[in-house]
Amino acid sequence: MRNPRHPRLPFKIDPYFLVILAAAGFLFLFHLEHRPFWQDEAETACLARNILTTGLPYAFDGVNLISQEDGKEFNGDYLWRWSPWAQLYVTAAAFHLGGVSTSSGRFPFAFIGLLCVVMVYLLIKREFGDEKWACMAAALLAFSVPFLLFSRQCRYYSLGAFLTIASIYFFRSPWQKRLGPAFLLVLCLGLLFQTNYLLFGCFLPSLLLAAMLVYPQELPVARTLKVALGLSVLVLPGVFLYQFNNQASLLRYFDLFSQALNHLESYYIDLLQFMAPLPISIYLLWRWRCLLKMPTDPQERFVYFLGLIIVGNIFILLPVPQREFRYLVHLYPLFAIIVSWTVVKAYNYQKFSGVLLALLLLFTNWLYLMPMTWLKIVNQPLHNNINMLTHPNSPIKNYVVELFAEYPDTNQNLIRFFNQHAKPGDVILVSYGDLPLQFYTPFQIIGGLQGRVPSDNPDWIVKRNYTRYNRDYYLNKSEDVILRYLDSSKDYQKLVLPHPDDFFGNRADPYYHRFLSPEWMTKLVVYRKNQKTAYEAE
Amino acid sequence: MKLNKSKDWGRILLPAFLLIISIQGVLFFPEVRVRFFPKEIWQERLRLVARGCAQVKASLTSLEADLAGLNFPSGPGLSPDINCNGNRETKDIFQVLIYAWYSMVAPTPQISFEKRHFLARKAFVHLEMKLNNLELMLDNLVFSINTQCIDGISYFSNYDNASIQKQIETLRQKCRQYESNLNIQAKRLQQIREYADKEIPHRQRNFQ
Chain A
0 MRNPRHPRLP FKIDPYFLVI LAAAGFLFLF HLEHRPFWQD EAETACLARN ILTTGLPYAF
60 DGVNLISQED GKEFNGDYLW RWSPWAQLYV TAAAFHLGGV STSSGRFPFA FIGLLCVVMV
120 YLLIKREFGD EKWACMAAAL LAFSVPFLLF SRQCRYYSLG AFLTIASIYF FRSPWQKRLG
180 PAFLLVLCLG LLFQTNYLLF GCFLPSLLLA AMLVYPQELP VARTLKVALG LSVLVLPGVF
240 LYQFNNQASL LRYFDLFSQA LNHLESYYID LLQFMAPLPI SIYLLWRWRC LLKMPTDPQE
300 RFVYFLGLII VGNIFILLPV PQREFRYLVH LYPLFAIIVS WTVVKAYNYQ KFSGVLLALL
360 LLFTNWLYLM PMTWLKIVNQ PLHNNINMLT HPNSPIKNYV VELFAEYPDT NQNLIRFFNQ
420 HAKPGDVILV SYGDLPLQFY TPFQIIGGLQ GRVPSDNPDW IVKRNYTRYN RDYYLNKSED
480 VILRYLDSSK DYQKLVLPHP DDFFGNRADP YYHRFLSPEW MTKLVVYRKN QKTAYEAE
Chain B
0 MKLNKSKDWG RILLPAFLLI ISIQGVLFFP EVRVRFFPKE IWQERLRLVA RGCAQVKASL
60 TSLEADLAGL NFPSGPGLSP DINCNGNRET KDIFQVLIYA WYSMVAPTPQ ISFEKRHFLA
120 RKAFVHLEMK LNNLELMLDN LVFSINTQCI DGISYFSNYD NASIQKQIET LRQKCRQYES
180 NLNIQAKRLQ QIREYADKEI PHRQRNFQ
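Chains A and B supply the protein sequences, listed in that same order. Under numbering that gives the first Met the number 0, think of the first position of the first sequence as 0, with each following residue one higher. Under numbering that gives the first Met the number 0, think of the first position of the second sequence as 0, with each following residue one higher.
It is worth saying that the hints were derived from the structure and are not from the lab. In this text, all values refer to a predicted model and were calculated from it rather than measured experimentally. Please note that the accuracy of each hint is not assured.
So the derived label-pair ranges between C-beta atoms look like this [claimed, not checked]:
#: 1; chain 1: A; residue 1: Asp69; chain 2: B; residue 2: Asn132; range: 22 to 30 Å
#: 2; chain 1: A; residue 1: Thr295; chain 2: B; residue 2: Trp8; range: 44 to 52 Å
#: 3; chain 1: B; residue 1: Val25; chain 2: A; residue 2: Leu317; range: 35 to 43 Å
#: 4; chain 1: B; residue 1: Ser61; chain 2: A; residue 2: Leu263; range: 23 to 31 Å
#: 5; chain 1: B; residue 1: Ser61; chain 2: A; residue 2: Tyr348; range: 15 to 23 Å
#: 6; chain 1: A; residue 1: Tyr348; chain 2: B; residue 2: Glu30; range: 43 to 51 Å
#: 7; chain 1: A; residue 1: Val400; chain 2: B; residue 2: Arg46; range: 38 to 46 Å
#: 8; chain 1: A; residue 1: Leu485; chain 2: B; residue 2: Glu30; range: 52 to 60 Å
#: 9; chain 1: B; residue 1: Gln23; chain 2: A; residue 2: Asp13; range: 30 to 38 Å
Cβ coordinates follow ideal geometry from the N, Cα and C atoms, glycine included.
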């Protein structure tokens, strides 16, 4: 039951929340340009830059090609059809207003991440008027390092999270009777589709199913159909524009079952390690052990509702060919609400335990990782260093250290090298990391996952240490061509740079994000074409 | 204190559990360990490296077994036909790869060349990833031995240097041995790739 004291906004905002918001503002927005875009961010940024010149996201600007799927993302006209455009236009608007730069590209998404914190607070405050719970949820989200890292990427992650929590906010508003909340609910869901249709496809059915189970009285048929109709207006054009069949071709039906089982295990391990600690998950499962017996307490009922949405999301994700932690990021606000509810419950039960639990969750990852190690559910890979999110430590401390330290970013070092040593008109062939180079250097960059290879010997070759394959498990064309060039040609001089060849660069994924430099890694290798003398050229 | 309600047990168990987590977590901080448990942290470094060596060995043995199971044909006598009856003894590279990795979903005689080829490629990439991971683990191990373990010796001069030196040297030797074995496996994988690249078009024609 909603708190009659707080039927609508605005209401008095707690000073504790303002402190949390100030801290969150720093964590989300400080030093956004501390490392350059990595491959996926650079894809968004390069497409957004092309929007500034043509008005549409074209994948080819006359020199460089933007592709990570062997050119499957577009037709002959190079118009981007692989993924929805909302993130591209958000970035383009930021470039238009703030100039084409790393910080401009990341700012809107980091700011939207901050809005998620506000939204979580407002939702709990409006629904239940529980100040402690609202502040705790906001703090948990603001101090969640994986969420911070993903929000600070020039990519759809925080936008997806915001639209997810905003959809729930408006779903819990009187959309059944009033036009405003109904319109905003449709808008949020429609924008979620335009942000990432995979998230939309996972979230909407889960929301509906959870609502039918937990709040069936809040789904009047006529109004729900009207909302669905409104939503279809926003969604249907995208269904044709984004060419779903291209992505659907990635499905391997004969491999689906073993893959789904594998994904199920991995998603739940990710969830327990980075989103909801095992002890808390067990506690909640024990409370809800009778699945069909709805909790009677309104707060718990709402938490149960969010839990069902999360479970539904994961089940829908299972047949999707790629398993990526990023596909769970839009659920972070929901986790913050659920976990903070258990913290408040612990606090009401015993103050000391509540405070200790809150401190553990806010400043360490011990509760997430240690029980998993004790029970041997995961073995920390040896090559993960002690500063990564996969090792027991204080993630927030590592995060702040990284913001202030000079990280020897792989992409940054390559960008710097080519800006200093390459000449105008040079062609650079790389096995991976082509898009950051396209964004930050003026040269023609070929290779990566584009499927495009140079017709003549390129001026520079970068063979990254880690070999990459395409989705069909073929060696990437660029890798293949580079190996052949280097095998058959004596025209290249090998240069070993004094910088580590990290796999990706500033990737937010907990399994790859290193807060401190990986000293032991193999060094970057660049090959320079030997300069011919005038006599040889003749 | 009288504990006659389950709720009362919770009042002891909950803080106790959280305190255990907290204490163990605090002990994970390198600064705390160096300050209060210098010898232990150093010994643990050695233990970690030794555990790493054991992991590398296990992984290497498994990779060797995978590759040995391929019965890679190296010359004349190679049968050009693809045997579709699911015989585990077949020398066909694709089928053996499939069986090695997908024994749970063993292919039926109806399986098409494309599917078979896809699974084989996937299996091959798994093998190569295993090899890459091993290389990475070895790099990290050698780095740990050459920096952290050596640092420890110079820092704790009153400790039993000879014994530790011996331990480190043993670990180093193991790593060298693994590195050499790994190179052999890498070459073997490379040979398999070359063989597969050469044979695939030929096999595809025969299959059709």
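Task: valine 400 (chain A) paired with arginine 46 (chain B), Cβ distance criterion 38 to 46 Å - done: At roughly 27 Å between Cβ atoms, arginine 46 (chain B) and valine 400 (chain A) fall outside 38 to 46 Å, so the hint is violated.
Open item on the list: Range first: 35 to 43 Å. Now tell me if the beta carbons of valine 25 (chain B) and leucine 317 (chain A) are that far apart.
Closed with: holds (38 Å)
TODO: For leucine 485 (chain A) and glutamate 30 (chain B), compare the CB-CB distance with the range 52 to 60 Å and indicate the outcome.
DONE: Roughly 45 Å apart at Cβ, these two residues miss the hinted range, so it is violated.
Task: Beta-carbon spacing of serine 61 (chain B) to tyrosine 348 (chain A) - inside the hinted bounds 15 to 23 Å or not - done: violated (47 Å)
Open item on the list: Against the range 22 to 30 Å, how does the distance between the Cβ atoms of aspartate 69 (chain A) and asparagine 132 (chain B) compare: consistent or not?
Closed with: The hinted range 22 to 30 Å holds for aspartate 69 (chain A) and asparagine 132 (chain B), with Cβ atoms some 26 Å apart.
Task: Cβ distance range 30 to 38 Å for glutamine 23 (chain B) and aspartate 13 (chain A), holds or violated - done: holds (34 Å)
- [ ] Return holds or violated for the Cβ distance of threonine 295 (chain A) and tryptophan 8 (chain B) against the range 44 to 52 Å.
- [x] violated (25 Å)
Task: tyrosine 348 (chain A) versus glutamate 30 (chain B) beta-carbon gap, inside 43 to 51 Å or not - done: For tyrosine 348 (chain A) and glutamate 30 (chain B) the Cβ distance comes to about 33 Å; the hint is violated.
Open item on the list: Can you tell me whether the CB distance of serine 61 (chain B) to leucine 263 (chain A) sits inside 23 to 31 Å?
Closed with: holds (24 Å)
The earlier numbered hints that this structure contradicts are 2, 5, 6, 7, 8.
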